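Please build the complex by placing chain Z on the supplied structure of chain R, with the hints as guidance.
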Amino acid sequence: MVDDGPVKDEAGDGVPLLLDLMFGAVALRVLRAEVLVLARQAGLPDERAREVVLAVHELAANVICHGGGKGRLRVWQPAGALHCQVDDGDLIVSADPLASLDPFPEWLGHGLWIARRAANQMRALSGPCGTRVTLIFKLPAAQ
Amino acid sequence: MDGELAITVRRERGVVIAAVSGDIDISTVTRLRERLSGLADGGQTLIVDLNRVTFIDSAGLGALVGAARRADAHGGSLHAVCARPQTRKLLWLTGVDRRIPLAATVDGALMFLAASRDARG
Chain R
0 MVDDGPVKDE
10 AGDGVPLLLD
20 LMFGAVALRV
30 LRAEVLVLAR
40 QAGLPDERAR
50 EVVLAVHELA
60 ANVICHGGGK
70 GRLRVWQPAG
80 ALHCQVDDGD
90 LIVSADPLAS
100 LDPFPEWLGH
110 GLWIARRAAN
120 QMRALSGPCG
130 TRVTLIFKLP
140 AAQ
Chain Z
0 MDGELAITVR
10 RERGVVIAAV
20 SGDIDISTVT
30 RLRERLSGLA
40 DGGQTLIVDL
50 NRVTFIDSAG
60 LGALVGAARR
70 ADAHGGSLHA
80 VCARPQTRKL
90 LWLTGVDRRI
100 PLAATVDGAL
110 MFLAASRDAR
120 G
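From first to last, the protein sequence lines stand for chains R and Z.
All residue numbers for the first sequence refer to numbering that gives the first Met the number 0, where the first residue is 0 and numbers rise by one.
All residue numbers for the second sequence refer to numbering that gives the first Met the number 0, where the first residue is 0 and numbers rise by one.
There could be a bad hint or two in this list.
[Claimed, not checked] Mimicking DSBU-like on lysine-lysine, the simulated pairs with C-alpha atoms at most 35 Å apart in a straight line are:
id: 1; chain 1: Z; residue 1: K88; chain 2: R; residue 2: K137
id: 2; chain 1: Z; residue 1: K88; chain 2: R; residue 2: K69
id: 3; chain 1: R; residue 1: K137; chain 2: R; residue 2: K69
Rather than coming from a laboratory, the hints here were simulated on the basis of the structure.
Predicted model, so just to flag it, every value in this text is computed and none were measured.
If we strip away everything but chain R, and leave its shape as in the complex, we get (with noise of 0.2 Å):
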């Protein structure tokens, strides 16, 4: 679905992307509204998908605020999983991400904060390129 090259990129482990936008200060609204849709559609019950926006909302926020202005977030869907991957201006992924692994601990900021209680998983890169943050929220078993 998206073309990142020969570079390594683990966006969407097979399956396909739900959602792929690039977002600026005036499209978190926006952001917000397609992550209600696709949190929902996951098949969470309302009070924890308005926690999904959320958490992605402060990360995406904290590019805005904090990372080069504007940023990229992905969503996909495996298997009992939701998973929101925010990027931080233009990073580029290398061939192995934990190589250019380096923490930043003061970008944890209270945004942040809520992501990480929010998600049942969070996991983050930063390097040269930029900083990115994946939150994976386990969903409900299937009926």
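Coordinates of chain Z only, in the frame set by chain R:
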């Protein structure tokens, strides 16, 4: 999920009530912060009614806490009204509810304030 931020201010039983509606996020929080700061600087008892707020983020919480601090510094106080479970949970999770007294309705907040005034004599 949609809604422009709107703030209307009225006075009831000697208390300033700021009713906020719409989304509070990084694009609207400056307007909220400025309005609440102005009210807090008056040293009055201030109730911020969040019941028609459709979304609030950490920047919005920061504006509330900042206004509460300002109100205290000017001899006033700030109270919040919120019945929405999602917002109440966020206020609890972030500890904001330990800094800002919370009621579910404006009437509840007014009664709480009247009772605490009576208790002080």
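A quick look at each hint next to the structure:
| no. | hint | verdict |
| --- | --- | --- |
| 1 | Z:K88 to R:K137 | holds (19 Å) |
| 2 | Z:K88 to R:K69 | holds (29 Å) |
| 3 | R:K137 to R:K69 | holds (27 Å) |
Checked against the numbered hints given earlier, the structure satisfies every one of them.
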